[in-house]
Structures are given as structure tokens and as C-alpha cells.
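Residue numbers (our numbering), protein chains in the order written: chain U, 1 to 382; chain E, 1 to 382; chain P, 1 to 394; chain H, 1 to 394.
Keep in mind that the hints were calculated from the coordinates and are not lab data.
Hints are all accurate, no fakes.
A short, non-exhaustive set of chain H residues, derived as facing chain P with CB atoms under 8 Å: (1) P283; (2) I284; (3) D287.
Just so it is clear, CB atoms sit at the ideal spot from N, CA and C, and this is done for glycine as well.
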Amino acid sequence: MALVLTEEQELLGRTARELVAARSPLKRIRQLRDARDPIGFSRDLWREMARLGWAGILIPEAHGGAGLGYTELMVVLEELGRGLVPEPMLSTVLLGASALLLGGSDAQRSDHLPAVAAGDLLLALAYQEQRSRYDVHHVETRAEWASGSWRLTGEKIQVLDGHVADVLVVSARTSGSPANAEGITLFLLRRDAPGVRVARQWRIDTRAAALVALDGVRVGAEAVLGEVDAGGALLARVLDRATIGLTADMLGGMTAAFEMTVDYLRTRRQFGVPIGSFQALKHRAARLYVETELARSAVMAAHRALDEGADDMQAARMAAIAKARCSDAYMLVAHEAVQMHGGIGMTDEHDVGFYLKAARAAEIMFGDAAYHRDRLARLQGY
Amino acid sequence: MALVLTEEQELLGRTARELVAARSPLKRIRQLRDARDPIGFSRDLWREMARLGWAGILIPEAHGGAGLGYTELMVVLEELGRGLVPEPMLSTVLLGASALLLGGSDAQRSDHLPAVAAGDLLLALAYQEQRSRYDVHHVETRAEWASGSWRLTGEKIQVLDGHVADVLVVSARTSGSPANAEGITLFLLRRDAPGVRVARQWRIDTRAAALVALDGVRVGAEAVLGEVDAGGALLARVLDRATIGLTADMLGGMTAAFEMTVDYLRTRRQFGVPIGSFQALKHRAARLYVETELARSAVMAAHRALDEGADDMQAARMAAIAKARCSDAYMLVAHEAVQMHGGIGMTDEHDVGFYLKAARAAEIMFGDAAYHRDRLARLQGY
Amino acid sequence: MDDLDAFREETRRWLVANAPPSMRKPLAAGEDYCWGGRKGRWPADVARWLAAMAERGWTAPTWPREYGGGGLSEEEGKVLAQEMAKLGVRPPLVGFGLTMIGPLLLHVGSEQQKRRHLPPIAHGEIRWCQGYSEPGAGSDLAGLQTRAVRDGDVFVVTGQKVWTSFADKADWMFLLVRTDPDAPKHAGITFLLMDMASPGVTVRPIKLISGASPFCETFITDVRVPVENVVGHVNEGWGIAKMLLRFERNMIADAFKERDDAARLLALARRYLPADDGRVGQPIVRDQITQLEMDQACFDWTLARSRARVKAGHPPGPETSIFKYYGTELNQRRRDLAVRIAGPQALGWEGEGFADDEVKLTRDWLRSRGNSIEGGTSEVQLNIIAKRVLGLPD
Amino acid sequence: MDDLDAFREETRRWLVANAPPSMRKPLAAGEDYCWGGRKGRWPADVARWLAAMAERGWTAPTWPREYGGGGLSEEEGKVLAQEMAKLGVRPPLVGFGLTMIGPLLLHVGSEQQKRRHLPPIAHGEIRWCQGYSEPGAGSDLAGLQTRAVRDGDVFVVTGQKVWTSFADKADWMFLLVRTDPDAPKHAGITFLLMDMASPGVTVRPIKLISGASPFCETFITDVRVPVENVVGHVNEGWGIAKMLLRFERNMIADAFKERDDAARLLALARRYLPADDGRVGQPIVRDQITQLEMDQACFDWTLARSRARVKAGHPPGPETSIFKYYGTELNQRRRDLAVRIAGPQALGWEGEGFADDEVKLTRDWLRSRGNSIEGGTSEVQLNIIAKRVLGLPD
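Given these sequences and hints, build the entire structure.
As C-alpha cells, then:
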């Protein structure tokens, strides 16, 4: 695979960077946080992004999308990650729309995807639970079939944008015991359905998340996404793709933190010289550069592989490699960025701390580096 | 415990350093190696060391020893480790005499210890096997009782000084299966007994080792050291103490390699200045210094604990901590020493390479750092 | 030795009789030790415990009695510490007065300075803060710009200090000022004591990424400080500052010496990564916990070696940089590991779905990132070791 | 495209027909590729394979035919490489002639130099070595002392080179000499081609800690080198040297790109650390193997990105330092891990009790320590990245 961007892709990246600079500079992120904005982002800005084709970037033109590839998605996500932009790409596009694209019936797609592509419908994937940690197949939420409908009961945690999503994709156990990969079913349900209760959660990063409690929520057979009892595999496929997308966001964040730090090293003076002239800091900065370049390669390779039709096994491998590397690299870059900024880097009023918190949240979401290394080893059979 | 040396102990260290400088400078080590000296050390020099009390340092005065403590042993071993001195402290004193002191009958002690203290009798502990790796309780060598004597059959590997030791202490399985901690018995046997075959092995370090093959070797009941079937615990006790002693040797080696490197940083000039003025190298050297200081603390604490009557559990804990730290620190120091010496450090004619090889051998002997960390976790119950 | 045994016996009896039961428990979440000072307010038990100990001079056990101390010998002081540790009683008072400016004044203060400042410290009446760092200077401490101009019997001080720990809660500040702008960088500095209630002093807390505000900016505008408040001599403050930095490094190292860290990490691991066989579920995490436990033990022994050397009569030297450097690194590794053990539950900032102790894990990790910056960055410590211990050239 | 398909078809047919079966196996222990040169001797199959390929110019497929190359286009060269890889045939010839001085002369050599030197390289008749490092210079390449004094049509060269790879086996050397001792360090250097058979050249192999002797010291005493052997211009050799260093870094990176490393480490782990469940017995080792596998993949993709950029018309820039730096680090980590996996069996130097492949593990580890020193130390690579890529000040 050729790991270079086309001119069109480069242009898409520049457009994204300009939009972020104009509409979502870091001071906007700070304002959203300090105001404890209940939504956590702007539905207007999201519609604007949708008009640029980002909400429907992976959605076929037949469903109102742009029908582009993962490499295009990567280019946009990198810029959003750079700016720590909280609009719902991850929840609605990478998790929600992905689930519909990979597992939805024709009717389900036609019902939802055009509105998603238009920026009018927000989705969320409610899969994580108190005891699931990184195992997407650990599902304790139950769904029981009785009197012609499914009844869902359980609690999901840290559901990205779950507090505002119009439609939730929920994993529930229809058979088997909590840790089985089999016996899981995905359901589509409206957030305003009776028995659904959402509560905003406040995390360290700028992404909004929510607790979603399901208390005997009733849905019909048509709410099942994919096949009954076969949602485990679908969920894994969705998450591998979302994980790869997340690494593009992480790449943007680590690049921004690194560039901010190199600028500081060039300009901050101590002992009468720029601190970037100290060889120990130089070597550390050079090592960080190497780490970010290797991360960039992994992110590009993973997205490219999806574009080239990677099968599930390949997608899982690429997700593991890219996520492990970006987790370690982003944490390292962010820790070093704060250290090299010195005292000012520890203050809330400096922006570098945002990246440290974003790095941690991204490191842990969808599994940390050790988890993904173990996963790769298992995938390879050792 | 007071982690300082007494004046007497400091003096003992100076004496040892002077003897090493006078009788075993590094060029002697090189000569022994290049000549492929079949013994690998000098029995005369060993007797001289014995006259200074080192061979009998732990042996009670009643058996002709000096009756000193582990801290005194540490002080001597550090200096020998500094000089990579190959005389048989580890084999004869730390492994062999230790086994007799901890498990021998009065008769066995009286028979052997005075000659050991005089430097006339060499001992070796043959416990390691092809498949045992770091598990001292993995013993496949068998001992069977028949017609009034024990018959030993099996092969031991990398028996330190096994090619010249007068008496071998051998672990053999008298019951149970190869990996059981129970069912192991230690035997004393003469190297020249019928059926014993030894072959010198050539390792990367300057310690001499041998393969010891036992082909139906017969010994009487009096050859059993300790109790039949109870040798596993005794072996572990001996090895914990020997491991602690080895860390003193490692401390000496890493200190020598570090000092050699700091000297080089001070004197070697490139780009018109001493390379020790480059901040990246300075910081790395400072980190190495911290590592060696922490290693020194662990080594002192472990020896002091033995002097203060540590029980087996405490001894095992101290051995694990000191060995894990010294393994990592010595390897780091040695790798960095070669790197900072540049090309000359890679040549066989420079001495720094001896320390790199010694570091590796010591890292692996008696278990590497990962092994000892796992061991500590198990000892602590997690 | 009999005297010492008797002292031990009597001390224990007194402690048992006088320490309130609530002062014999570890700090609960949200609780803090008593830092003293005019602005502080503490629960009745804390105040009672402080008063009882201060009356005996045992807030500063080895200081001379005439300066408010207990007049104990080194050995007696150690016995007191041991008995307090055995009974688990809290120190009645902590702070920079007891650990930094007090010991410094004992060493180099004038008789008048000792009589004036030490008793209020020992009694917990006056709380001190340290005015070293400045906005433009950072690691280059000696690059400070705060100026002090002599005007008769006073110095008129103008400038700005930053990273002043708890300046908003302190009554007095010890600080470095530039008294000779024409002298070489290190030669024109003076060490001053300044009343924070003086006109012209204002303080603004700095909010950190962890959400807490332990540091302040202090703005100093034409503040008049009597000449008698110079410690040592005018223009010779740099040597005093360096002496104090070594006290500080030792103190920070002590702060990072927590005996039950491995146990706490282990408890976390058992909570978030349970395994059927009773071990920690993730071997990689288990290995990291063990490594931290080992490194902590080696660090503690290294501190013990240094103490033994100091006790044998050697003053603390540049090797104290090891403690600052490695102690903070250990703490950072520990906080980082704790967050990785808690996993998704460590992502909370506040509110629903996250327990208080989970939020604390995360904020402790964020706060720990400052450890390698405050009190002399790790880079500065490594520079000191390279130059002063290893003798590497500039 | 049809042409290229036809070329592929024909190439495959030719390779199948002409590559001896023994040249379609991986190197066995102790075997090496063919490096050519007057002093080399190789088995008949190797010589036959070299001759067959050289006749078509396919030892240097994309060089022009008039210089002994194959005259293939970039695309055809790639097809040839792909077909060779598919069939598993060995390269017929390797060495610094093909990878370093050959490409350099193609870029900047005079027409006469190209005609004289390139064909013997392509035919494997002349083997080259590189005379850069000197005993006093080390990483400070430009600090070289070897002098060349003009005497009519020749330069008289005197000095000493060190770390000359395989100088004892080479026929010619390309080297840097100082032609203007009064000029600034980088300005008085000239790039020369020297016949190793010239009177005054002596070579001494250097034994390494791994036991092998891949490097030599080369003593040069009043050696007469014709002026026509200057590449580029007199006193302008430094620019040429830097260009060549980039070729070298790329080559070294390629050398560390071994596709089956994870598999090899895994096989070792299964041999020394077997587990009942089929996984690697030690989770820590398993984690390290996986980490290496991942890092290798990321490294390979980074190389691919760089190649793609070069193909798009950008010359290799300072980012090639990444490959030298990280490629050698990966190799060192891999060798280190291999030794720790083999454990006690990795302690052998030779002889009884150790298998040949166990001894090789250990020597490979020792040898790998030189990777971060030769060809520009890791420290130099990091300096280059900091300065040239990140723009950090001196």
C-alpha cells in the first residue's frame, strides 16, 4: 500500500484545519468546559461539518453520504484531534453509523443514515459496563423476549454523547453468561423511549459521556441490529474500526502537543539561552519526533488497510498495533510536553494540560496498550 | 539496620582492592582467557586469599575460618567483582561451603571446612540442568538406593568450577517428579569418583564452568547432605545466600564499568570539547549513578539482613530485590558504558567489553530480573 | 542507656495520656495535617493536640528550649519519633517553618532573629512560605529580578514571585531579592524575611491541571522590609539559598517515602483486576507493582544510608539530588500505574459514575506531574549530579 | 502496462531457468552473500549466478547499460525485485560498490570515473570499502587528520583510517582526506578514490567483543593517488560525504528490516519457555515480543512512507536519521530479548554444552551493540533530527 496522501486528501486536511481554527480554537474548548456546557458541543457546528461531508464521510451516496474512504476520515479526524474538537464524530460516525453500515438492515440504514449524514441525527453506542473494562463481550445488560417485545434492563457507562444522542445502539445479553462472546444482541432504541434514563458524566477529557440506565425498556423485533445472539462479532468489528479512527484523533493530539513543545523549546530562554539548545532536551525532543512519526505510519497503514478491504482479522491486527502505539506515544508526548513546559505546563490556564488529559482518556478508551499487545498476541496465536 | 560500613570493614575493602590491583589486574584476566587456561584461575592465588581469611570468611573459627559476617563477605566480593577476579569464591565459599554450613552434619563440616578455609579444598554445587532454567527444584538427575548405596545418574550443566572442584555437592531426585520441590536430596561426592565425568565449558564471562555427567556413581549413606528428600529447601536457602553474594560481585563490576565510563567522558574530546560536557551524556551518566547507588543500597541491605539473622522468607525477599535490581542496573550500566565509549568500546582490546559479558552472565545466573520480580510477588502472595 | 529507656517509658505514658484518640488515626480523605498560622482554623482535637505538644516543645523536639523547642538530644528525639510512630499519633504541626526556615535560622540566623522567629514557628502561630521562583526564571533560580533598594533602615522590595506554595495561607515569606543589579548573577542576591501582611503584598492562587491550587503568584510592590530581616549578609544570599534547597530536597524525598504504597497498588489491582487464583489478574501490572515495590525499598535504603552518613558527621551534599530526582520519579510511576489499573474508572473528573477515591487517583496522577518540576526540576537535579558528584565538565 | 506484464513474465521465466537451486535457499549459518572483488572466492553456484546476472546487467538493474547496468526503468527494476523475492532467489552481488560509491558516482562522478569504475562494480570484479572514521575523530567525522598534499598529478596521502568495514577484503577505498589544513574544519576536505594495492597501504583487522573482525584499521603512508581520482572538486568533499552518509543510513535501515523477526523470537520463546496452553510461557516475554513485532511493523511502514516520498520526487532528507537511529535500536532490543529468552543457554562462548545457534544468539547480541555506534552514532542521529528536522537551536 502506498502510504502517501493524494492531493485531494491533503486539501481535505487543509479545509478541516481551517474550519477548526476558525470555529473551534482551544479557547472555545476551555469555554465549553468552564461553563459546564450540558451538551458539550454545538449541534450547529456539527451540521456545518455535516455540510462539508464529514458526518456522512463513510456513508454511501445512496444514503446521502459522501461515500469516501477511511483515509479521508483519518485526515479529518487528525485535524479534529489536533484541536480537541468535541463534535460527535466518534459517537455518531465511528461507532453509531459504523454499526448501522456493518450490521443494519436496508430499512434501518434508510431510516437513519440520511439524517446522520445531514447532521440531524446523533447516534451513540452503549456497550461499556461497570465490570466490562476492555472486554466488549462482557455484557450483563439483559434483553428478554416476552409478549411480542424485547425488554432491556441494565446500565451502561461512559456512553459517548449518550446524553444527547437521538438513537442509542445498545448491547444486551440475549443468552449465555456475562463473559461469553456469543449470546449478545445489538438493539436500536430512541433515547426518549420510556425506561431510558441518561445522566451526563464529567470526564477529564473534552468528550461528553453519559450513564445510560435501562429499566425494562420495551422494543419490537425490528429494533434488533443484525442477528439475535450474533451481536458480539458485529460489536467487535465496529469497535476495531472505531479504534482505528480514534488513533487518527490521537495522532492529531500528540502532534499538536509536540509542536507546541518544540515551539516552547525554541523560544523559552533560561540561563541566557533558549532551552531548546540544551542537548538533553534536544535528544528527548528528537525521540518524541521519532515516536510521533512511527505513530503516524501506523495510523496511515491501519486506515489504508480498511480502504483496501482488510478482513476482520486484519482489521483487528491493525487496530491493535495502531492503538497500542498511539496510546504509548501520546502519553509519552503529553507527559514530556508538560515536563518541558515546566511550571507553566502544570497550570490550568496553559493549554498543554488539555492534551495530557485527552491523551489519558484516549489511551484508556477501547483498551490500553498492554491490552492491545495481549490481544495481538492472541490473534497471532501465541 | 545501619547501612554504613565500620572502619574495620572499610579497611578490609582497601586490603582487597590492593590485592586485586597487585595480583589480578585486568590484563591477567585477559591472559587467562586468551591462553584458554584449562583451570581458569590460580590455586596459588586462592591460597593467598585464604591466608587473608577470605575462603573461610563465613566459616566459624572452630572450623579454622574467620567467623566473620556477610557484610565482610560483601566488601571482599565487591572488590573481586570490580576486578572480575575468577578465583573460586562463588563456587567454593558461596555455594559449596554455604551448603555444608547450612546443611552439613558435624562430621561433614569437620571433614571439609578446615581445608576449605585453608584454600586447599575446592567445592562446587552441581544443581543446574538442561531443562531447569531458573527453577532449582527442577531436578531430573536420579539417585536410587540399592544394595546399600546410592546410585546417581544424570547431567548437570554450567557447574561453576566443577572441572577442578575436589568435592561436588550434587542435587538429585530421590522421589517425586522433576518439578517437585519435595523429593530432592543433596549428595557430597568426590570429583574423581568412578562414573563422574567433567568437561570444561567456555562461557562469555571469566568464570569457569563445567558439564558434570554422572553415570551410575555410587556413594554411601554418609554422603547425604541434610535429610533425604529434604534437599529442596536446603538448596533454596543456599542459593538465596549465594544470590545475595553474587549481587556484591555485580555491584563491584557495575561500579568499575561506570567509573571507567565517567573517566572516559571526562577525558575523551570530540568537536573540540570533552564529550562529558554534552548534556545528553551528562544526564545519562547521572541516571546511571542513581542506578548504581540504589543497587549499592540493596546489596548492603541484603547482606546486613543476613547478618541480623534474617529468616528464610526474609532472605528470599532480599535476594529477589537485590538480584533484580543489580541485574537491570549492571546490564544498563554495561550497555551504556560500551555506547559511551563509542567504537573503541566495541573492540576486544578494550576492557569495557569484559564488563558487558560479565554483566550478562551475572544477570542470568540464579535467575534474571523478571524471574526475581515474579518470585517476590509470589513470596508476597500476589 | 537507662536514662533513654526511662525517657522512652515516660514519653509513651505521656503520649497515651495526652494524644486525643482522633489524632491516632491516619488522615481521612479531605483531612490535612495542622500547618499552623494566623489564618488557619482546625478542629478542637487538632488544636488541643498542638497546644499539648507545643507546651512541651515537642513540635520542634530537638530545638533549644529557649527558642520554643523541646531541648531533646538527637537520641531522645529519635525515641520520641519512634514512640509516636508506634502509637500512630499524627505530628501536631507540619510546614516550612519547622523543616526549612527554622533549621536555617538555627544554623545561620542572628540571635535576635532566632528569638523573634523560632518560638512562633514552634507554637504554630506563624506559618511560612518560600519566595524563590519568579515568572521569568524557572529553573534558572539565580536569574531572579525582584529588586530590593536600600532606603535607610529598610529595603524597598518590588517584584513578583511564582509557585509560592500556600502563599495565600502564610503569614511570613522568606525570599530572595536582587540587591546589586550590577554584580554577577549569583553575587547580588540577598535572603530576606518578609511579613505577608505588609502593605504592597498581594497574592493570587494558581489553579493547576489537577484542579487544586497549592501554589500562588505573589506580587510585591514597594514593600518595606527592615534591614534586620536580612539573613546572613547583604549580597550573600545565594549561598544561604543553596543550603536551604538541600533541606528542601531532603524534605521532598521524605514526603515521597510512603511505606504502604505497594500494598495500596495491590489493593487497587485486586479491586480492578481480580483473578481467580488470588494473584493479580494482569501479569504485566503485577510485574510493574513488584518493580515499584523493589525500587521503593532500594530508595528507602538509600535514604537510610544518607541519614547514617549525616549522623556520622557529614553534611548533606549534592547527592541529595538523587532523592529529589528519584523520589519524584517513583511517585509519578506509582500514580501513573494506579490510573492504568483503574482503567475506565480513572477517567472521571467529578460527579456521577465515579467514586471519590477514583477521582482522587486521577487528580493525584495529574498533581504528581508537577513533582519533577517544583523544588528544582529533574533536569536541574541531573545537572547537579553530573557536575557536583561526577565532576563532569561544563 | 502490457509491456511491464510481458517483462514480468519473461523475467520470471529467465530466473527460473537460470538461478541455480542452491541460490534459491536462504543463507545457511556461516554462509554469506557474494561481495565480489579480486580477493574473494566463492562456490561454483555463486559464481555462476553472479556471471549470469552480471551478463544481463541485473546486478545493478537500473544503472545505464554503458556502465554495466541493466538499463531497466524504475518500474522494471521493481518487477525484477518482486520476482526475485517471489522465487526466493538471492541477490547475486552485494556491497558498498552497488549501494554507496556506485550510486554516488552516477550522481556526481566524471564521465571518465563512471566508465572506469562502474562496470567492475556491476561485474563484481572490484570490491570497495569506505575510509571515513579516524582514530581521533569518532563522531566528529569532519575532525579528520589524514592529509593529502598535491605533488604534480598526484596527491600524496598519509594518515590512518579506522572502522573500515572489510578493508582487508576490499580492492579500492573511497576516503576523505584533508587537502587544506588552514581552512575551517569542513572546508578543506576532499573525496578521493584509492587503490588498496597502492604501495604504502597496510590493513589490520580489529577484533570485536563478539569475536568477529568485520572492521579494520588502515594505515596510509605516502600513498600516491592520481588527481583524476578526486570526486567532485578539491576541498569540496564534505558535501559529497554527507550525501553518501544518507545513502548509508538508508542502507543500514534496510539491513535491519527483517520480515520474520517476530516469528524467530517466537520460535525461540517456544523452545525455551514452552507453556501447556500453546502460548508463550512468560507473559512478560510475550509482551516484549509483541511490542517488538508492533514496533517493527511501524518502522517498516515509516520506511515505506519515506520511499513513497522519494519516489514522488523528494530527495532523502535528514529524516533518514530516524531509520538509522530506530532501526539499530530495534535490532538491539531484539538481540537482547533473544538472549534473555535463551537464558542460561545464552551464556556460551563456544564449545561443549552450547549449540551453534545458541552461541550465535550471544555473539549477535554483542555485535548488535555496535549498530548504534557505526555509521554515525545514535547521539549524532538525534542531534541531526533535533537540528535539521525540528530546528532546535545550537
